[in-house]
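Counting from 1, one number per residue, gives the positions in the sequence shown under the UniProt record's numbering.
These aren't lab readings, by the way, just hints derived from the structure by calculation.
Quick reminder that beta carbons are idealized off the backbone N, C-alpha and C, glycines included.
Take these hints with a grain of salt, some might be off.
[As the list claims (entries may be wrong)] Label-pair ranges, simulated between beta-carbon atoms:
#1 V22 x F2: 29 to 35 Å
#2 T3 x G311: 14 to 20 Å
#3 P309 x A127: 27 to 33 Å
#4 N84 x E321: 40 to 46 Å
[To be verified] List of simulated lysine-lysine pairs, DSS-like, C-alpha gap at most 27 Å:
#5 K231 x K219
#6 K55 x K182
#7 K297 x K182
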Amino acid sequence: MFTRQLHNADPSKVTKIPDPRVPNYRMGDYGYGKQGVRVFQLKKDGPIHSVTEFKVNSHMRLRTHKEYYEADNADIIGSDVQENTIYVHAQRHGLRTPEEFALTLTQYFLETYEQVEESNLIVEELAWDRFGEQEHQGYYKGKQHNHAFMRNSNGTHGCEVVRTRQGPPLLIGTFYGLRVVKTARAPFTGYVKGDMFSEGDMDDRILCTDINARWQYSKVVDIDFKTHWLKVRDLILQSFAGDPEKGVIITSVQYAAYVAERAVLDAIPEICSISISLPNYKHFPFDFSRFPPIEPKANVIIANPADTPLGLGYAQLDRLEK
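Can you build the whole structure from these sequences, using the hints too?
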C-alpha cells in the first residue's frame with residue numbers, strides 16, 4: 001500500500017534485453033494483453049440448469065522486445081487471439097474454479113506460443129445464486145427454481161496466476177467486495193491525541209468495512225480451490241465477528257486484519273502469505289441537539305454513514321521458511 005519507487009523497484013519485472021541504441025536505459029516493466037473478457041457458461045441437466053460466469057484479464061510478456069525497440073509486430077499475439085482463446089478454452093475445459101481456469105490457460109499459452117516468456121491471468125467469478133435457495137432469494141421459499149438466478153453479493157472469488165518457463169507458477173487467491181458491519185465490541189481508545197485531535201475516545205462504535213484479501217499458495221497441486229477459498233472467507237469473517245452471542249473485541253481495523261491473517265496461516269498450511277486491507281467507513285451518531293423536540297430513544301441509534309473520507313488499515317503476514 002505504501003508508495004514504492006519505480007526505479008529498479010522489482011527485479012522480476014525488469015527486462016534482461018536492453019536496447020543497444022540506448023544502453024543507459026532499460027525497461028522496468030512491460031507487457032500487453034486483453035482486459036475484461038466475460039465468459040458465461042450454461043449447463044443443462046434436463047430441466048435443471050446451472051450457470052457460471054468469469055471475468056478474465058490476460059497479459060503476456062514476449063521473449064524479444066522487437067515490438068518496443070524496432071516497431072516490429074512479428075512476435076505479437078493479438079489481444080483478439082487471447083480473447084478468442086479464452087472462449088475456446090472455456091468450451092474445451094469448462095468453468096469450474098478461477099484457479100483451475102487460470103492455471104491451465106497460462107500453461108496453454110506457453111505451450112502454444114514459443115515467443116511467450118510469461119503469461120499472467122486474473123480471473124474473477126461473477127457468482128449467481130439460484131432462486132429459492134434461501135428465504136431472501138425470490139418467491140420460492142423451500143424450493144429451488146430450475147432456471148432462474150440472481151447475482152450473488154457474498155464477496156468475489158478470484159485469483160491471479162503468473163506462469164513463466166522457469167519454475168512453478170505463482171498463484172494468488174483473492175476475496176473482495178463484501179461489506180460487513182459490527183455494532184458492538186468495537187472500541188477505539190488510547191490513541192495519540194494532540195492539536196489536530198477531534199473525535200475522542202469511543203468505548204464502542206459501529207465498525208463497517210470491506211473485506212479485501214489476497215493470499216499466495218506455496219503449491220498449486222492437489223488443492224480443492226473452492227474449499228480453500230470458502231475456508232479463507234469463513235476464517236476472515238469469524239475473526240471479525242467472533243462468537244455469535246458474545247462476539248469478539250476488535251480495537252482497530254489493523255488488529256482485525258492481523259488476527260484474521262494469523263487464523264488463515266494457522267489453519268491452511270498451503271498458504272504461505274496473506275495480505276488484508278480494511279477500510280473504515282465511519283458511522284457517526286447523528287447530532288439531534290439542534291432539534292430540541294427530538295428525544296433520543298434509549299435503544300435506537302440513528303447514524304450518518306460516510307464513505308469518504310475513510311480510514312484504512314492493512315497488513316501482510318508471511319510464513320517464515322523453516
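Here is how each hint holds up against the structure:
no., hint, result
1, V22 x F2: 29 to 35 Å, "31 Å, holds"
2, T3 x G311: 14 to 20 Å, "18 Å, holds"
3, P309 x A127: 27 to 33 Å, "31 Å, holds"
4, N84 x E321: 40 to 46 Å, "41 Å, holds"
5, K231 x K219, "17 Å, holds"
6, K55 x K182, "31 Å, violated"
7, K297 x K182, "20 Å, holds"
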